[in-house]
Structure formats: structure tokens, C-alpha cells
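Undergrad: Residue strings, one per chain:
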Amino acid sequence: MNCYAELAENLSAGNPELVLLERMKGIKPPPAEEEKDVITTCTVDCGGTCPLQVHLKNGIIKKITFYDDGEAPPLQGCIRGLNFHYRVYAPDRIKYPLIRVGERGEGRFKRISWEKAISIIAGEMKRIKESYGPEAILECNYSGSTGVVLHATIWGANYHLLSCFGGRTAFGTLTSNVGASWASRFTYGDIPYEDANSFSDIVNAKLIILWGLNPAENRFGTETFYWLTQAKKKGIKIICIDPCCTDSVRALGAEWIPVKPSTDTAMLIAMAFVLLTEDIYDKDYAAKYVFGLDSYRDYVLGVADGIPKSPEWAAKITGVPADIITRLAREYASAKPAALIQGWAPGRTANGEQYHRAALALQAMTGNIGIRGGSGSCGGLQYRGGKAKTSLAKLISTLRLKHSSRLNYGGKGVEIKPAKWADAVLHGKAGGYPSDIKMIYVVGHNILNQRQNVKKGIEAFKKVEFAVCQELFLTPTARYSDIVLPVTTNFERNDISIPWVKGCYAVYANKVIDPLWDCKSDLDIARALARKLGVDGFEDKTDDELLRERFNESQLKDHLSYDEFKKKGLLRLDKEPFIAFKERIEDPEANPFPTPSGKIEIYSLGLDGMDFNVRDFSSVKSDFRDIPRIPTFLPCDEIPASLKTGKYPLQLTTPHSRYRVHSQYFNIPRLRNLYRHEIWMNPDDAADRGIKDGDSVRVFNDRGTIAVLAKVTDRMMPGVVRCYEGAWYDPDEEGVDRGGCVNVLIDDMLTSPAGASNFNTCMVDVAREEKIN
Amino acid sequence: MEKLQELNKNRAGLYSFLSRIYRQEMDKELLENMKSSKPLNIDDAEMACACNKLRKILERGPINEEYVENLEADYASLFLGIGRYPVHPYESVYLSEDRVIMGESRDDVLRMYFREGLQKVDSFKEPEDHIAVELEFMAFLCGQLQEALSRGTKDTGQRLIEVQKDFFEKHLKSWVPEFCDDIVMHASQYDFYQAMANITKRYILLEETTLLQISEALKNYRTALEGTGR
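Chains as they are written, first to last, in our numbering: chain B, 1 to 773; chain D, 1 to 230.
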């Protein structure tokens, strides 16, 4: 006890007084033990919107369970949603505004006040606008929070603010679904509703082909896998076409046909060859509803180029034996109705839109579009609505209206393809881009990690004068920013959420707790910035007023009141299966397709007739002029038949993990501890390289190297490896990414003219780690 | 008894000082103060060593803007969760299986603050089981005890030391030493906070004995008082 006096004299911070604690005024009763349940959802980028029941005790989240309203199909959340509170309560969340202290990327920051942070950002925005014009600001807003009305990070508050501020360089396309939505638009026209039957209709098919779709793992809609298991119970044959024997193949007892990545288009075209040469396509249907089959026939049979696109031709490209292609084509043509569900993964390739176009052509030739048990497309996103679904489409459009600063809605600025953001920063106008970028504004987007070619992205970040990032965690992207602002999770704010891949319902995304630390919603940040920038009247109503207003403008109000919806949480809208294009097939005279021919266009007259010079079509869209008018197999530099393969012989695919939503949740130990981050490879490929299961390996090409563990399995076809996207970039001193971020390896320049992103078109090699050292 | 009052005054001061260290980033004034203090001559070798190390660190450079900014960044790296090896200053993180905030520990300290008529101020946007709040609560209890002793209210004194012991055992002792170890282990480049962690840990260990001694002293005093029939 002796030393206390001397210690106290030396270690003193002045008079001990209460700073953090205060005396309560008056006598209060002890806090009541209160238990409460709240219904909400997670608004991450999976498209699901599963209703969740959050159990609170004394205001603290204790547990999250499935919300069961007793109706079918069950809308069961997944392991990510059920563990959402581990994300909310993660101690490594960004808690206060931060400003960079060290070099960009060094990860040294210090805390600053909101006032100071907003003032610095506004000052830089004004300076950059005055010096270089508003388009010098690259707006990188993406899918951190999505499918919601008020707090979307994509096309959200910041997007709108930057347009009001005078413009910016924005992303002109989306990412995962671009191949699908582009193909849909240029095959069916600009349809105001979903281009696919609902998944509840799949039980009416006689044959189901899941092409590059693995809902057992990535879900693709909350109820999707439920309906597939119902189909399995009914005894409907299911075939999966995929380089990997996926969990879906196993769980559904499906037939597995392995195909090399980026070559699906060739296989589909060869199936069309079989239909045409064996005369087993639906001639009546084609005559009545399809435009351009003759041009396609010329291409398929090789009239134009002398190369018949036969199963033998395709076998060399795809690795699928010719007899299997022939058999599959016959099987598909003879089983009517048959549902060919085209997953988005094979479209996430160089020229990925051609895969979707070829798949739609096959569906049109077999007469499977617009009928019960058929298909149409994979569905999702902007194509929502229809008669029964108008409510959702209208909800989305009315809700987005005020935030919609997209160029074709009158927003200000210029657009680039998101995959080429770094190239645009590095090369600017001299490189053919519409602007010279000096500032990067990131909202809800781990852009460095999740766009192709990480190292190029880092160069881009190093080049700009100023970078801001609004984030939950210090992601690799936030690390390279100058100012990082802490945002709320959707559990800390009210919203309305809508599934955007499959399912027809709406969830009131209730606020569960008050914002933690000094976190603010992206909308509140935009409001504060607007005040500082002098943008008058920017979303100056309260969140509650805005939500009520938008709810009441939508057709949701025909079902229940805003307050009832908020309390009820879940509103199921459309219980009968939706059949896409049904009315157009039943009465084509009255309801032609909104294409120039009025038909399903295998030859795209719509593309032919585009005026590439109107303002509406930014530089992004002017690239469309180079895209073939009929579905065409276009080779590229990173498939086995091409030049680079001698150097890097393995094809890399980068699917979505069940434990993450892209790079979200990667840093949550509760989930991270459930799996090893691995590269899957065939035993033959492993043996060639002396690799055993569990070995530390390096995956590399000219763009970079990542270090992961090897999973040696005959579930992978030879020549193809597979590593889940979304792991966080974490380079060591040598520059080897110890985090295992696949985008270190992927080229950013292979994105197709339509904007289909090439995450599954990449050549690599793999070696044991110790062999390199 | 006066000695006991003095001791509790010093304890309140030390807890308050440590609370300030973890509450927010260092400022120039506090650093200057610490730097100008005289070398320690105390019988606890470990504490003396830790304090002298801190002194050396403070003497190393002029305490200018850069020096302060560097410490601000160190603070963010360690306690705001920004660095590669953050050391999260929340009891719940240390005592919950999944290392998240808002666990049972936070509910419990909330109840204990409440029983003493206290609540966390809203302007401190951290959970109640943040180390700075827990240390400040202990400083408060020490101050209360000192006051009680000065007024000769022995029953209150006895109750207050029991609350202190209870809070110390259930909370500070259960995680602060490990928290300090983590700073020392992961934060070799952050030597200021490393030294502070050594001081904090040593102080918590000293407190274990001190609390028993005070409790014992109060008991003896009470027995003595009862013995005299007063």
C-alpha cells in the first residue's frame, strides 16, 4: 500500500470527478426485465430478404430465429441472417469518423468529429468540382445494403446527392446479372416485369436443367431450394451443368454434366445444332413467336463461316463429350414442359451475355417460354411486376424515383463500366474514358476487393487526390481511403425490403436497436453533407415520413396500412405461380413482345435499331454496337483454346460461399471459424503438382498470387479450380495475398461490351507453397 | 483511519487516471504533466519498472503535434479496433464466447451502477462495460468510501468496500489483466500503451491485496469500536 501515495502523485489526471458516469436524477425503479421480439430482415446483397425474428432482452439482441408465419413456402433465413447480431455487435466495427494518418493503405487512422469529417469532405468535393468539374468525382456506391427503399447503398442517398451536387462519374451497369438482364432486354424487349416463371412453378416441369446454378449453397432466393426439393420429391429429373459437382447436385440427386467455364455458350449452340439438324424443335411455336431463327440457323449450321457448330465442335471447346450434348438436346426437346434455369454464373464470363442469349434461343426453339412448367430466364432484379406483381414493381419504382439519379432518369454525370473503374482512374480521358478522376467516393462497396484486378485498384487509389469510404468495417477499401465514416447496419434503422432474385413478398425491415457508437445511416450522412454543400431541400423529411410516403404511393397500401405492415413484418403478395409472358403467348396479337418484331428475338432487331448517339446511351452503351445480333460463341484470351493457356493451364471459377455475402461476413469469427478458405482441384491436377489435400498452395498468374489451402476432390472436373470470392485481401511483405482474395487474379479488361463481368474467366496455375520458397 | 482515508483518496485518483488513459486519446497537457512528474522511488519493483519505462518513453521526444497524433493513431489501432491486432476495451468481448459486445457483463455492470445511483452519460458513446467506465466506477466507489470514512459512517464504509470487492472480483479482475496482456503482446510498436498496460495490470494485481487489507482494517476497526462499547 506504500506505493499508492507516490503513484497517485505521479499518475494523475487532475481531480477525480465523474466524466463517464452521472448521478441519476431522482429515484428510479430498477430497470425492468423486458423481453421482446422484433421482425426484420438483413439487407445484404444476397437478394433473399428472409424474414427474421430477433429476440431481445433488456434491449440487447440475444438470438435470431426463423420467422414462421405458418404459411407455405417457408421463408427460412440462412446461417448469415441467423448470425447477423454477431456482425452488429462486432467489436471491430468502425465506431467514429476516422482520418488517415500514415500512407494510403498503411491502415493508420485517428478519430475525428463528425463535424470535422463532413467539413473536410465537403471542402474537397467543392475544390475538386471547381478545379476539374464534378465528373472528377468517381462514385463507387454499391451493394452493401440493397433491395431496400430508404437505406440502399446502391442508387441510394449518396448517388442522388452527387447528382444534385452537379454530377459525377457513376457506374453504368450492375455486375452479376448484367449478362442475364442484357440478354433478356435484347431478346424480349424492354419488358415491365420479371422474365422468368416463379420457382413455385418448377414442380410443373417434366425436366429441370440447372445451368450453372447452385441454390443449395448460394440460395438464389429464400424459397428456391424449397421448390427444388418439392420437384425432387415429385420425381422430376434434374440435371446440373457445372464444372463442379455442387451441393445442389448431391442434395437433389441430380445428374452432373461437367463443362469448362466460359464455354457454356458453345454447348448451348451445339444443342441448337442438334435441334435443327434432327428437326426436333417446335416449328409451330417458332413460326408464331420467334424472330431470327433463320439467321441463327445459318450461323449454327456454319453456312456463314463454314464451321458447323456441331456437338463434335463443341466437345473440343467445352470438354463435354459430343454424345452427351446430343443426348441432352434430345432429352430437352422431347420433355415438354422443361425448365432450363440459366444461372448467372456462366454469364459472369467474358462475353457472358452470349451464354444467356444462347440459352434463351434454346428455350424459344423448344417452345418453353410463356408456359406452365417452362422457364424463360433465371429472373430477378429489374424485371419485376406483372399483373399480380405490379405492387412490387411499382413499389420499387416509386420508392426509387426520388433517389433515381441514373442518367436515363435525368441524373447528372457520366458513366463507366464498374469493372473498368481502376483503368478509368489510371487513364482518364486520354484512355477513352469520359472523365479524369481525382476523387473516389465509396459507399457500401468493398471495391478494391470485389472488382477485378486488386493491384490495379490499389494503383488507382494511390493516384487520386482524395478518397472517402462509408463502411461498417475497415475493409481493404476503407484502408486505402483518406476519410472513413462509420455507418449503421440495417438493424439500426427502419426500412422496407423486397427480395430481388426470387420470391414475391415484402418485409418491414424493423429497426431493432439504436445506432451503436457514433454510427450514422448513409442517408443521414448524405443529409449532413448536403447541408454543408448547400444542396437545398435534400431529403429533408424524416426517415419515418419518407417511408410512410413511399409506402402510401405504392400498391402495398391496398393490402394493409403502414403501421400494420410495420407490426406484421411480412407481407406475402403473390401465392399463385407467376408464368412469365403467358399473356403474350396466349394472345400474341393483343400482346406482342415489346421488340421491333413483336416476337422473341433470336436475332436482335432491337440492337440493330439502336441509336448509339443519343444522350441516354452513355459510353457504356455505345459499346453495344459491336455485339453480335445472334447468340454467338466468342473465344477470348483466357479459355483453354486460347494463347495464354500454355503459361497458366487451369481455369479458375469464383463462386459465392454460403458463409459470406461477397466480402460481407468474412471478418465475423462466428462464421469464419466454420470453414477453411480453399481452392478446390481435381486429384489429377493436384497429383501433377505434388499437391495433397490440406496443403498450403499458391494460386497465381501475371496479375498476382494468393495463398490458400488445397482441397483435392473429384468433385472438380480436371483443368478447373474453384475458390470462393469474398475473402479479404491481405498482402504479406512479398505481395502474396495471404487473405486469398480471388480478384487479385482476375483481369479487369475482359468485361464484355454488354458489361457482363468476367469473374469466372481466368487462367491460373497452382503450386505447393514450399516448392516456391 | 486517516491513513485509510488517504489511501482511498489515492486509489480514487489512480482509477480516475487509468480511466482517463483508456477513455479517449491522449492530449498534450496530460502528456506534459506526466512527463514532468518526478522519478518514482517505490518498493514495488514491477510497478517502479513499468513507471520508469513510461517516463523514458515520454522523455524520448518533444511532445509536439506529431507526437500526439502518433498516439492518437495508436489509440485508434488498439482501442477503436482499426489495427491488425486490436485490443477491444470491452469486458463482454473478453468474457463472451463469441467475443462480441453487449454480453451479460454489460448487463451486470449496468445493474451495479444503477444500485449506486449512477448511469453512463449519453455523450460517451461506448457500452457500459468499456474499461474506462468500469475504472471510473471504481474511482467513484473509492471516493465514496473516503468520504464515508471522513464522516465516520462506518456502516456505509463497510457496505462500500463490499461493493468494491464485488465489482472488482466480478468485473475488473476477471478481464483487465488479460486485456493488458493482449496490449503488451500485440502492441510492440505502441510502446506508450504497452507501458500503460503494464502499469494497469500491476495496479489491478496490487488492488487485489489492497482491497482485502482495507476490508480487514474496516472489520478490525468495527470490532474495536464494538469492543469499546461505543
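These aren't lab readings, by the way, just hints derived from the structure by calculation.
Hints may contain errors.
[Claimed, not checked] Estimated spans, in silico, between C-beta atoms of each pair:
#1 B:Leu674 <-> D:Glu169: 29 to 37 Å
#2 B:Arg23 <-> D:Lys56: 24 to 32 Å
#3 B:Trp517 <-> D:Gly152: 42 to 50 Å
Glycine residues also receive a C-beta, built at the ideal position from the N, C-alpha and C atoms.
Undergrad: All the hints need checking, so say for each whether the structure fits it.
TA: Structure-based check of all given hints:
no. : hint                              : verdict
1   : B:Leu674 <-> D:Glu169: 29 to 37 Å : holds, 35 Å
2   : B:Arg23 <-> D:Lys56: 24 to 32 Å   : violated, 40 Å
3   : B:Trp517 <-> D:Gly152: 42 to 50 Å : holds, 44 Å
Checked against the numbered hints given earlier, this structure breaks only hint 2.
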